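Trainee: Dock chain E against the given chain B, drawing on the hints supplied.
Protein chains in written order, with the numbering used here: chain B, 1 to 298; chain E, 1 to 421.
Keep in mind that the hints were calculated from the coordinates and are not lab data.
This structure is a prediction, so every number in the text was calculated from the model and none was measured.
Worth double-checking, as some hints may not be accurate.
[What the hints assert, rightly or not] Cut-off 25 Å, straight-line C-alpha distance, at most; resulting in silico cross-link-like pairs (SDA-like, lysine to any residue):
1) K90/E to F110/B
2) K118/B to K90/E
3) K206/E to I140/B
4) K212/E to F272/B
5) K212/E to E268/B
6) K197/E to V394/E
7) K275/E to E130/B
8) K97/B to L175/B
9) K333/E to N59/E
10) K275/E to A56/B
11) K28/E to P119/E
12) K383/E to V172/E
13) K333/E to Q24/E
14) K33/B to D98/B
15) K125/E to T341/E
16) K299/E to E56/E
17) K419/E to V408/E
18) K257/E to A133/B
19) K257/E to L8/B
20) K212/E to N229/E
21) K206/E to T2/B
22) K257/E to R163/E
23) K90/E to E124/B
24) K369/E to G338/E
25) K173/E to E142/B
26) K212/E to F110/B
27) K90/E to A116/B
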Amino acid sequence: MTDLAAVLFDGVVYSSWLFLMAAGLTLIYGVMKILNIAHGSLYALGAYAGASMVGAWLAGGHPAVASYALLAVAALAVGLVMGPLLERGLLRLVYGKDEVVLLLVTYAVFLILEDAIKLVWGVESLMVSEPYALPGNFLIGELAYPVYNLILIGAAVALGLAVAWGLYRTRSGKLLLAVIHDREVSAAMGINVDRTYLYTFTIGATLAAAGGALTAPTIAVSPGIGVEVIVLSFAVVVIGGLGSLGGAALGALMVGIVRSIMVRYWPEAELFTIYLVMALVLIARPKGLFAAPEARKI
Amino acid sequence: MRRSFVHLLAAAAAAFAATNAWAQAPVKIGIVTFLSGPAAGPFGVPARNAAEVMAESLNAGRVPGAHSAKGFGGAPVELVLIDEAGGPQKQVQELRNLAQRVDLVIGYISSGDCLAVAPVAEELKRLTVLFDCGTPRIFEDASYRYVFRTGATATGDAVALARYVLDRRPGVKSFAGINQNYAWGQDSWNDFEAAMKALKPDVEVKTSQMPKLFAGQFGAEISTLLSSNAEVIHSSFWGGDLEGLVLQGAPRGLFQKHLVLLAAGEPAINRLGTKIPDGTIIGARGPFGPFSPGTELDKWFRATFQERYGVPPNYAAYKMAQAILGVKTAYEKAQKAGAATPNQEQIIGALENLTFEAPGGTVRMALGKGHQAVQGVAYGVAKSVGGELTLVDVKQYPPEQTTPPDGVKSEAWIKSGFKAK
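Excised from the complex, chain B in its bound form:
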């Protein structure tokens, strides 16, 4: 029984981490039809910014409790600077081009940002584990878990609900859904599509940076961390259905829990868990779990 609880908890923690990245990715695709490879770099930037800010704060001898607020500030700073910069400065110039062109443009941005990160932070890793260790542990059976894992789950749920509320319960959210449904008609009806794109990309970028900043205390922030993340979050988004927030949540939960079960009972197979889940889902539903039905154009 304890084993089962531990497996489920490990799975949910991993799912929360996956969801933080996948949510921003699926939002950007849903609205802008861009498969944003640079999402991985925004995650890495969030992690580096968070680790740097917390590191400097702690080096100054300030109280470690405030480091949680600094992680949030780092995520917001990266999102609010990089989001508009990339959307206004680059992506705006290539809208309307083929999806493959957009994919290549974001891949170029990813490569540039990876090198920029190396230029700024070098190749040595950054470690700020204080926020991870500070709240202590709790027990599931005999297994100790850091309380920080609960913060991670809480943040994923809170951010997921906030985005869902913004989308489905506010006027701007409904305008955004209208743009997702049909860009041309929305523009004809007077919706400022350009501004919608800017907001969406900035929110998506902030979610990626938040994922990075929240993960920073649990890992060694080192070159290349964005690569791994982008592959996993793409798989989760595809499982959930490109553009579906609920799909990303369910996809992340499925992958996280199945992976956790595999690690415990069949570790040899863990490596292809995510692709197994993806293959099974796509066999049953080729466009993912929650893909919106597409009108056939004649």
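Mentor: Structure of chain E alone, referenced to chain B:
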């Protein structure tokens, strides 16, 4: 005006003297090491730094002892740096270009890259010295004339580690592993598992965790290891994964509940310090870093590297210095045999079966028909003293206990209970 003309003349004379100080043309060495990507921080850049500090010191004649001759026997050393990132296919292309620009190549950290470039170096007939990669397959599955490796194979690391664990805990009943799911992690685990079973047949494997390389998140794996009740946990993790394992595992009691072995843990000491819990067994893939022999050459290398880069040299830096000094020794041996400016064939002839001194101690090119080095392996136990991590209970294992005889494959040697000849 007159004064500045005199200065100009003096500068020109100095420049002329500098170019003429070398009686021979420079030896151009291509250095291939990770300058970007996750392996750059722990291995690639320290190795690059070691290459640069060695080249400068050799050219200035500052290296002590047997290596005090300037450059390579009077010829200055010039380095051409190449980034190892990008995978084996890219490295094969890079080598094809590099081989035309340099006299010899020293490089390669990844075993995948070594396996890919070795046959190409042979085809190009360009002397290539592998300095760090560990797979024993290079000289066990093939035979080369132009390829050498001045570092010992990973088999020795695994066998020595199994011996060290059983020397410290003869009654150990079970062990588990967490290793990265690619060649290095799989080979390290397989060799360690086989060596443990050969030395103590009744020992039980509880679980073998193989997360993806650079997975970063090990929550579920740590839970499984904690629940496994294995006495010993083996890990050949390196870089960000190793640091992540310590950061995530230590608060959960992984290192308190189990005897954890970090086979390639030494490069993380500078980074993690006392975050590595006391009692952890740490290795450096040879007699490097904290396990180095303390000879005059070793002390000079440590002090020079530390002064220049602010950190002590880790095992990757030691192994790079070892490769450069191996070639230097061969070059000068060929000179003594009568070749004033030895050609590639003469250097190769001198390097085969060579014994030479490096900061990590004596190196013998004893395997692979004189192309593969053997060297002892050391392990120690982490202990914090005055806020710094030190290694205590250090034990060295000589090559005779860790390496198969020439011509015997590592896997067969371990499985035969170290008896195959």
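Trainee: Each of the hints needs a verdict: does it hold here or not?
Mentor: We went through each hint and held it up to the structure:
Restraint check for K90/E and F110/B: the C-alpha separation of about 20 Å stays at or below 25 Å, so the hint holds. Our distance criterion of 25 Å between C-alpha atoms is met by K118/B and K90/E, whose separation comes to about 21 Å. For the proposed pair K206/E and I140/B, the alpha carbon gap of about 21 Å is at most 25 Å, so the pair holds. In summary, the hint linking K212/E to F272/B is supported, as the alpha carbons are separated by about 9 Å, within the 25 Å threshold.
Using a Cα cut-off of 25 Å, the hinted pair K212/E and E268/B holds, with the two alpha carbons roughly 11 Å apart. Of the pairs offered as hints, the one joining K197/E and V394/E holds, with about 23 Å between alpha carbons and a cut-off of 25 Å not exceeded. For the hint linking K275/E to E130/B, the alpha-carbon distance of about 11 Å falls within 25 Å, and the restraint holds. Between K97/B and L175/B, the direct Cα distance comes to roughly 23 Å. Compliance with the 25 Å bound is thereby established for this hinted pair.
About 18 Å separates the Cα atoms of K333/E and N59/E, which keeps this hinted pair within 25 Å; it holds. For the hint linking K275/E to A56/B, the alpha-carbon distance of about 19 Å falls within 25 Å, and the restraint holds. As the CA atoms of K28/E and P119/E are separated by approximately 21 Å, the hinted pair is consistent with the 25 Å bound. A C-alpha spacing of about 22 Å is found between K383/E and V172/E, which places the hinted pair at or below 25 Å, so the restraint holds.
Our distance criterion of 25 Å between C-alpha atoms is met by K333/E and Q24/E, whose separation comes to about 16 Å. As the CA atoms of K33/B and D98/B are separated by approximately 10 Å, the hinted pair is consistent with the 25 Å bound. For the hint pairing K125/E with T341/E, the CA-to-CA distance comes to about 19 Å; that is within 25 Å, so the pair holds. Restraint check: the Cα-Cα separation between K299/E and E56/E comes to about 17 Å, which is no more than 25 Å; the hinted pair holds.
Distance hint between K419/E and V408/E is fulfilled; the C-alpha atoms sit about 10 Å from each other, no more than 25 Å. Among the hinted pairs, K257/E with A133/B is consistent with the structure: their alpha-carbon atoms are about 18 Å apart, no more than 25 Å. For the suggested pair K257/E and L8/B, the alpha carbons sit about 23 Å apart, so the restraint of at most 25 Å is met. Our distance criterion of 25 Å between C-alpha atoms is met by K212/E and N229/E, whose separation comes to about 23 Å.
Between K206/E and T2/B the CA atoms are separated by roughly 19 Å; this keeps the pair inside 25 Å, and the hint holds. Of the pairs offered as hints, the one joining K257/E and R163/E holds, with about 21 Å between alpha carbons and a cut-off of 25 Å not exceeded. Among the hinted pairs, K90/E with E124/B is consistent with the structure: their alpha-carbon atoms are about 24 Å apart, no more than 25 Å. Simply put, K369/E and G338/E have alpha-carbon atoms about 24 Å apart, close enough for the 25 Å limit, and the pair holds.
Between K173/E and E142/B, the direct Cα distance comes to roughly 22 Å. Compliance with the 25 Å bound is thereby established for this hinted pair. As the CA atoms of K212/E and F110/B are separated by approximately 22 Å, the hinted pair is consistent with the 25 Å bound. Distance check on the hinted pair: K90/E and A116/B sit about 22 Å apart at the alpha-carbon level, within 25 Å; holds.
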